[in-house]
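> Line by line, the protein sequences give chains A and B. Position 10, counted from 1, in the first sequence is what our numbering calls 10; the numbers after and before it change by one each time, with no gaps. Position 79, counted from 1, in the second sequence is what our numbering calls 79; the numbers after and before it change by one each time, with no gaps.
Among the hints, erroneous ones may be present.
[To be verified] In silico BS3-like pairs for lysine-lysine, Cα to Cα no more than 27 Å straight-line:
hint : chain 1 : residue 1 : chain 2 : residue 2
1    : B       : Lys18     : B       : Lys56
2    : B       : Lys93     : B       : Lys32
3    : B       : Lys7      : B       : Lys91
4    : A       : Lys6      : A       : Lys25
5    : B       : Lys18     : A       : Lys189
6    : A       : Lys110    : B       : Lys56
7    : B       : Lys18     : B       : Lys7
8    : B       : Lys91     : B       : Lys70
9    : B       : Lys91     : A       : Lys110
10   : B       : Lys7      : B       : Lys17
11   : B       : Lys18     : B       : Lys32
12   : A       : Lys52     : A       : Lys6
13   : B       : Lys70     : B       : Lys93
14   : B       : Lys91     : A       : Lys6
15   : B       : Lys70     : B       : Lys7
16   : B       : Lys17     : B       : Lys93
17   : B       : Lys88     : B       : Lys70
18   : A       : Lys52     : B       : Lys87
19   : B       : Lys56     : B       : Lys91
20   : B       : Lys56     : B       : Lys17
21   : B       : Lys88     : A       : Lys52
22   : B       : Lys17     : B       : Lys70
23   : B       : Lys18     : B       : Lys93
24   : B       : Lys93     : A       : Lys110
25   : B       : Lys88     : A       : Lys25
26   : A       : Lys6      : B       : Lys87
27   : A       : Lys6      : B       : Lys7
28   : B       : Lys56     : B       : Lys88
29   : B       : Lys32     : A       : Lys110
30   : B       : Lys88     : A       : Lys110
31   : B       : Lys56     : B       : Lys93
32   : B       : Lys87     : B       : Lys56
33   : B       : Lys70     : B       : Lys18
34   : A       : Lys52     : A       : Lys25
35   : A       : Lys25     : B       : Lys87
36   : B       : Lys17     : B       : Lys32
37   : B       : Lys70     : B       : Lys32
38   : B       : Lys70     : B       : Lys56
By construction, these hints were calculated from the structure, which means they are not laboratory data.
Chain by chain, the residues:
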Amino acid sequence: MPRPDKVCLGTIVGVHGVQGAVRIKSFTADPADVAAYGAVSDESGGRRFEVKVLGQARGTVLARLSGVADRNAAEALRGLRLYVPRAALPEANEDEFYHADLIGLPVETKEGAPLGSVRAVLNFGAGDILELRDENGRELLLPFSDAAVPEVDLARGRIVASPPEGLLEQRVPAAAEAGGGAARRRRRKRRAAGGGAGAGGGGTDRGGAGL
Amino acid sequence: MARSVWKGPFVDGYLLKKAERARGSGRNEVIKMWSRRSTILPQFVGLTFGVHNGHKFIPVLVTENMVGHKFGEFAPTRAFHGHSGDKKAVKAKE
Chain A
1 MPRPDKVCLG
11 TIVGVHGVQG
21 AVRIKSFTAD
31 PADVAAYGAV
41 SDESGGRRFE
51 VKVLGQARGT
61 VLARLSGVAD
71 RNAAEALRGL
81 RLYVPRAALP
91 EANEDEFYHA
101 DLIGLPVETK
111 EGAPLGSVRA
121 VLNFGAGDIL
131 ELRDENGREL
141 LLPFSDAAVP
151 EVDLARGRIV
161 ASPPEGLLEQ
171 RVPAAAEAGG
181 GAARRRRRKR
191 RAAGGGAGAG
201 GGGTDRGGAG
211 L
Chain B
1 MARSVWKGPF
11 VDGYLLKKAE
21 RARGSGRNEV
31 IKMWSRRSTI
41 LPQFVGLTFG
51 VHNGHKFIPV
61 LVTENMVGHK
71 FGEFAPTRAF
81 HGHSGDKKAV
91 KAKE
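Based on the provided sequences and hints, a complete structural model is requested.
This is the structure we're talking about:
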């Protein structure tokens with residue numbers, strides 16, 4: 001799979017003041033780095049902007065874009081995604097990989113059996129985890145460690161994995177995942193339909209448990 | 001309020017046994033567990049646990065910095081997928 005030629009650094013979520021400043025939801029590790037890789041462009045590459053960071057507020061980066069001088073012009077950009085060329089990002093160190101490079105790569109075992117492709121790179125505080133999805137929609141979480149992922153070959157566009165014992169049996173079918181979401185939606189709908197009765201019922205239940 | 005020191009850290013008994021068995025076998029395996037409330041002990045360092053988040057098992061490779069925390073802290077129960085941006089993944093050494 002070819003490496004991505006563009007990386008999305010953020011999206012414009014609102015405006016700030018009357019002089020054309022915008023609020024950017026930044027997707028970079030350090031939010032202010034949205035301006036660190038040179039001029040940004042829209043998805044097609046047709047419009048380019050120089051970004052000047054003014055500060056941060058409410059989880060967003062306040063910035064001024066070149067050529068945007070008033071609030072109306074800034075309002076027109078709401079929802080615009082900002083991209084930089086992949087080549088603008090500096091080379092990663094050894095054993096470091098950009099998420100953008102890993103996502104989409106096929107993963108196979110040492111014997112060549114396909115495990116799926118990388119859907120996302122997660123980190124919950126215990127190291128990076130590759131989220132794989134196979135053609136049957138089954139999901140597998142693979143620790144991104146030397147033992148579990150001995151080889152990442154970006155040039156050939158593949159990852160060789162050696163999953164720990166018992167991990168392949170933990171694959172979650174996509175149907176189960178969809179079922180969970182559907183059940184949640186049903187519960188929410190039921191609660192919304194009979195809001196008062198549902199809440200009252202809940203209260204009675206809790207009271208019963210207390211007694 | 002903090003837990004009394006005289007009680008020691010809480011760990012479910014079955015988990016200790018499983019961890020001892022895994023360490024004894026020396027195999028590279030994921031220890032499936034549901035006890036999110038258990039404290040991470042020094043003897044768990046280097047082992048990989050599959051911590052259940054209500055839906056699937058999140059692989060947690062235990063390192064020294066995680067000792068004293070609870071397993072549940074490393075397996076969130078709510079899904080969130082961010083954007084990649086310029087973020088980097090670092091390969092963990094075991």
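> Next step is simple, just say for each hint if it's right about the structure.
Hint by hint, here is what the structure shows:
Distance check on the hinted pair: Lys18 of chain B and Lys56 of chain B sit about 19 Å apart at the alpha-carbon level, within 27 Å; holds. Restraint check for Lys93 of chain B and Lys32 of chain B: the C-alpha separation of about 21 Å stays at or below 27 Å, so the hint holds. Proximity of Lys7 of chain B to Lys91 of chain B is assessed by CA-CA distance (about 37 Å); at most 27 Å being required, the pair is judged violated. As the CA atoms of Lys6 of chain A and Lys25 of chain A are separated by approximately 18 Å, the hinted pair is consistent with the 27 Å bound.
For the given pair, Lys18 of chain B sits about 42 Å from Lys189 of chain A by alpha-carbon distance, which is inconsistent with the 27 Å threshold. A distance of roughly 25 Å separates the Cα atoms of Lys110 of chain A and Lys56 of chain B; the hinted pair therefore holds under the 27 Å criterion. Between Lys18 of chain B and Lys7 of chain B the CA atoms are separated by roughly 22 Å; this keeps the pair inside 27 Å, and the hint holds. For the proposed pair Lys91 of chain B and Lys70 of chain B, the alpha carbon gap of about 23 Å is at most 27 Å, so the pair holds.
Restraint check: the Cα-Cα separation between Lys91 of chain B and Lys110 of chain A comes to about 18 Å, which is no more than 27 Å; the hinted pair holds. Taking the CA atoms of Lys7 of chain B and Lys17 of chain B, the gap is near 20 Å; set against the 27 Å cutoff, the hint holds. Taken as a hint, the Lys18 of chain B and Lys32 of chain B pair is honoured in the structure, with Cα atoms around 9 Å apart against an allowance of 27 Å. For the proposed pair Lys52 of chain A and Lys6 of chain A, the alpha carbon gap of about 20 Å is at most 27 Å, so the pair holds.
Between the alpha carbons of Lys70 of chain B and Lys93 of chain B the distance comes to roughly 22 Å, so the proposed pair stays at or under 27 Å and holds. Taking the CA atoms of Lys91 of chain B and Lys6 of chain A, the gap is near 24 Å; set against the 27 Å cutoff, the hint holds. Among the hinted pairs, Lys70 of chain B with Lys7 of chain B is consistent with the structure: their alpha-carbon atoms are about 16 Å apart, no more than 27 Å. Note on Lys17 of chain B and Lys93 of chain B: the hinted pairing holds, with a Cα-Cα distance of about 25 Å set against a maximum of 27 Å.
With a CA separation close to 26 Å, the supplied pair Lys88 of chain B and Lys70 of chain B stays within the 27 Å bound. As the CA atoms of Lys52 of chain A and Lys87 of chain B are separated by approximately 21 Å, the hinted pair is consistent with the 27 Å bound. Proximity of Lys56 of chain B to Lys91 of chain B is assessed by CA-CA distance (about 22 Å); at most 27 Å being required, the pair is judged to hold. A threshold of 27 Å between alpha carbons decides the hint, and for Lys56 of chain B with Lys17 of chain B the separation of about 22 Å falls inside it, so the pair holds.
Restraint check for Lys88 of chain B and Lys52 of chain A: the C-alpha separation of about 24 Å stays at or below 27 Å, so the hint holds. Among the hinted pairs, Lys17 of chain B with Lys70 of chain B is consistent with the structure: their alpha-carbon atoms are about 17 Å apart, no more than 27 Å. With a CA separation close to 23 Å, the supplied pair Lys18 of chain B and Lys93 of chain B stays within the 27 Å bound. Simply put, Lys93 of chain B and Lys110 of chain A have alpha-carbon atoms about 19 Å apart, close enough for the 27 Å limit, and the pair holds.
Taken as a hint, the Lys88 of chain B and Lys25 of chain A pair is honoured in the structure, with Cα atoms around 18 Å apart against an allowance of 27 Å. Distance hint between Lys6 of chain A and Lys87 of chain B is fulfilled; the C-alpha atoms sit about 14 Å from each other, no more than 27 Å. Between the alpha carbons of Lys6 of chain A and Lys7 of chain B the distance comes to roughly 55 Å, so the proposed pair goes past 27 Å and is violated. Annotation: proposed proximity of Lys56 of chain B to Lys88 of chain B holds, straight-line Cα distance about 24 Å (limit 27 Å).
A distance of roughly 24 Å separates the Cα atoms of Lys32 of chain B and Lys110 of chain A; the hinted pair therefore holds under the 27 Å criterion. For the hint pairing Lys88 of chain B with Lys110 of chain A, the CA-to-CA distance comes to about 24 Å; that is within 27 Å, so the pair holds. A hinted pair counts as satisfied when its Cα atoms are at most 27 Å apart, and Lys56 of chain B with Lys93 of chain B qualifies at roughly 24 Å. For the suggested pair Lys87 of chain B and Lys56 of chain B, the alpha carbons sit about 25 Å apart, so the restraint of at most 27 Å is met.
Between Lys70 of chain B and Lys18 of chain B the CA atoms are separated by roughly 17 Å; this keeps the pair inside 27 Å, and the hint holds. Between Lys52 of chain A and Lys25 of chain A the CA atoms are separated by roughly 14 Å; this keeps the pair inside 27 Å, and the hint holds. Proposed proximity of Lys25 of chain A and Lys87 of chain B is supported: the alpha carbons are some 15 Å apart, at most 27 Å. Between Lys17 of chain B and Lys32 of chain B, the direct Cα distance comes to roughly 12 Å. Compliance with the 27 Å bound is thereby established for this hinted pair.
A threshold of 27 Å between alpha carbons decides the hint, and for Lys70 of chain B with Lys32 of chain B the separation of about 15 Å falls inside it, so the pair holds. For the suggested pair Lys70 of chain B and Lys56 of chain B, the alpha carbons sit about 18 Å apart, so the restraint of at most 27 Å is met.
This entry does not satisfy hints 3, 5 and 27, going by the numbered hints stated previously.
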